[in-house]
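Residue numbers (the UniProt record's numbering), protein chains in the order written: chain A, 1 to 257; chain B, 1 to 279.
I should point out that these hints are in silico values taken from the structure, not numbers from a laboratory. Any given hint could turn out to be false.
As the list claims (entries may be wrong) - Only pairs whose alpha carbons sit at most 25 Å apart, straight line, appear in this in silico BS3-like list of lysine-lysine:
(1) 211(B) <-> 144(A)
(2) 106(A) <-> 65(B)
(3) 61(B) <-> 117(A)
All values derive from a computational prediction rather than experimental measurement.
So you can see what is in the structure, the chains are spelled out below.
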Amino acid sequence: MSTENKNTEAVIDIKDLKISFGGNEVLKGVSLQLNKEENLVVLGKSGTGKSVLIKCIVRLLKADSGTIEVLGDEVNGAKREELEETRKKIGFLFQSGALYDSMTVKENLEFPLRRIKKDLSEEEISQKVNEVLENVGLPDAIDKMPSELSGGMRKRISLARTIIVDPAIMLYDEPTTGLDPVTSNEISMLINDIQEKYKTASIIITHDIECVRTVADRIIMLKEGEVYKEGSLAEFESDSDPYISSFFKSQSLKNQK
Amino acid sequence: MKQRIPITKMKSYARNKSIALTDTSMESTASLNKFLINLADVFLFIGRVFRNTFSRGFEFKEFLKQCFQIGNKSLGLISVTGLIIGLVLTIQSRPVLVNFGAVNMLPSMVAISLIREMGPVITALICAGKIGSSMGAELGSMRVTEQIEAMEVSSTNPIKFLIVPRVVAATVMIPLLVLYADALGILGSWAGANIKGDVNFVLFITQAFGKVVFMDFIPAFIKTFFFGFVISMVGCYKGFNAGRGTESVGIAANSAVVMASLLVILVDLFAVQITDLLL
Ligand SMILES: Nc1ncnc2c1ncn2[C@@H]1O[C@H](COP(=O)(O)OP(=O)(O)O)[C@@H](O)[C@H]1O
Ligand SMILES: [Mg+2]
Numbered sequence: 001m002s003t004e005n006k007n008t009e010a011v012i013d014i015k016d017l018k019i020s021f022g023g024n025e026v027l028k029g030v031s032l033q034l035n036k037e038e039n040l041v042v043l044g045k046s047g048t049g050k051s052v053l054i055k056c057i058v059r060l061l062k063a064d065s066g067t068i069e070v071l072g073d074e075v076n077g078a079k080r081e082e083l084e085e086t087r088k089k090i091g092f093l094f095q096s097g098a099l100y101d102s103m104t105v106k107e108n109l110e111f112p113l114r115r116i117k118k119d120l121s122e123e124e125i126s127q128k129v130n131e132v133l134e135n136v137g138l139p140d141a142i143d144k145m146p147s148e149l150s151g152g153m154r155k156r157i158s159l160a161r162t163i164i165v166d167p168a169i170m171l172y173d174e175p176t177t178g179l180d181p182v183t184s185n186e187i188s189m190l191i192n193d194i195q196e197k198y199k200t201a202s203i204i205i206t207h208d209i210e211c212v213r214t215v216a217d218r219i220i221m222l223k224e225g226e227v228y229k230e231g232s233l234a235e236f237e238s239d240s241d242p243y244i245s246s247f248f249k250s251q252s253l254k255n256q257k
Numbered sequence: 001m002k003q004r005i006p007i008t009k010m011k012s013y014a015r016n017k018s019i020a021l022t023d024t025s026m027e028s029t030a031s032l033n034k035f036l037i038n039l040a041d042v043f044l045f046i047g048r049v050f051r052n053t054f055s056r057g058f059e060f061k062e063f064l065k066q067c068f069q070i071g072n073k074s075l076g077l078i079s080v081t082g083l084i085i086g087l088v089l090t091i092q093s094r095p096v097l098v099n100f101g102a103v104n105m106l107p108s109m110v111a112i113s114l115i116r117e118m119g120p121v122i123t124a125l126i127c128a129g130k131i132g133s134s135m136g137a138e139l140g141s142m143r144v145t146e147q148i149e150a151m152e153v154s155s156t157n158p159i160k161f162l163i164v165p166r167v168v169a170a171t172v173m174i175p176l177l178v179l180y181a182d183a184l185g186i187l188g189s190w191a192g193a194n195i196k197g198d199v200n201f202v203l204f205i206t207q208a209f210g211k212v213v214f215m216d217f218i219p220a221f222i223k224t225f226f227f228g229f230v231i232s233m234v235g236c237y238k239g240f241n242a243g244r245g246t247e248s249v250g251i252a253a254n255s256a257v258v259m260a261s262l263l264v265i266l267v268d269l270f271a272v273q274i275t276d277l278l279l
């Protein structure tokens, strides 16, 4: 990188990203920037292409057009080896957790470590495994199989597996969806902890408003494949646009007839 | 990624070129197109698997794990089936041979039909059911729950880590399972022969293999490698390319079994034709 220590410096710079699947236009020209050490929340209802957007960043899906720069390197047209290098800097928390069910928690955590950081000794590996398990508060789960874990525990282990390689950028795909409010809140706090501890920049996809309130430095709302609004939490909460306020309304509707 | 052919586009194209298109011809063009796209997809997949098999970095540990799984999953069923097929073949052929006064042909007749056809095909069909479906379901659920994508972002080529070990393991293991099924079939046959009077085991085996020549054995053995390859390839293809909902796992497993069984029979047909031409 050329310029250092400037908080407005973009670590991810997406310009005019378009992707469609057999006639179904999912992203119709999305541009966004993720700044250094920032938590950027991407909001939007199901099916607007939020997951597609972050999968394009690691090129699990190849965008039809547009550019994606990650830490100064172009992703969309990159060669295989360049792409691998870029991917090593990004941690991806999948919506479904994506724990390997045929492996124990320990093997799950070792998997990315052994494959991304090839020069670690066995001692360093086991030390690292224990460290991330401590960080997510589950040191006792080390020998369990994923099927023995609760939803919240699985999310934590996935999170541990993602941060174990010290990524500079984190992409969270609906980290709190499907969890009870207490566990959701714990995961949100964990996201903040990780940001503070590892100084990562993160994109957090969610429609859990409590999570947004806990983690967001800045918010981008997608609607039908386009950026609908961008701004701070306060700006979103005071917006009178019915579509936006429908996300931020949390009071009961039942007795308001 | 599956692509749908937009029929409307095709219709307007036809109108511009003033080609008369009935609805049925539209339908069949669309499905032919889809079929060709799928076929191309299959060959691309096979190409990728081959490229990754022979490039650097074979996942030996995964390969051993798969070998164990394949043996472990189907050994019991193959044992029972092999024994019973040998037994039944013997009991059923006996009366016919007695009519011709050729009972001493019984061991070799059963051995030849077991080695040339029954052993390989029955083992392959059992494996199509057990191994094809489990590969389809396992990889399908890995696809649906994003485990395959998680591997990809962890600097791991999923074709290399998941598919190659499975295909190589099945291609190696299924021939071994066939040999095992043949052996048990002959054991079952001996048991069947024993029902009508005492037959010395050594004598039985000598008689059984007395008429078996090298050329009974070799083509039958070669085709079993193809069975293993086809079964695992179908299971892996279906699982790896499963759709995005949970129901796709079941669909992948089910269509893997159907397709693998059908292909086993087709490969067998080709193998018989080729052997016939060459000998
Ligand atoms: N691999 C794919 N192939 C085809 N269509 C896809 C694929 N991934 C996503 N889509 C489609 O893209 C749209 C957006 O999906 P997604 O990004 O998962 O939504 P969400 O915003 O809820 O995460 C959906 O209509 C979905 O069907
Ligand atoms: Mg999503």
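Right, here's what the structure says about each hint:
Distance restraint check for residue 211(B) and residue 144(A): the Cα-Cα separation of roughly 56 Å exceeds the 25 Å cut-off, and the hinted pair is therefore not satisfied. With a CA separation close to 18 Å, the supplied pair residue 106(A) and residue 65(B) stays within the 25 Å bound. For a cut-off of 25 Å, the pair hint linking residue 61(B) to residue 117(A) stands: about 19 Å separates their Cα positions.
Of the numbered hints listed earlier, the single one contradicted by the structure is hint 1.
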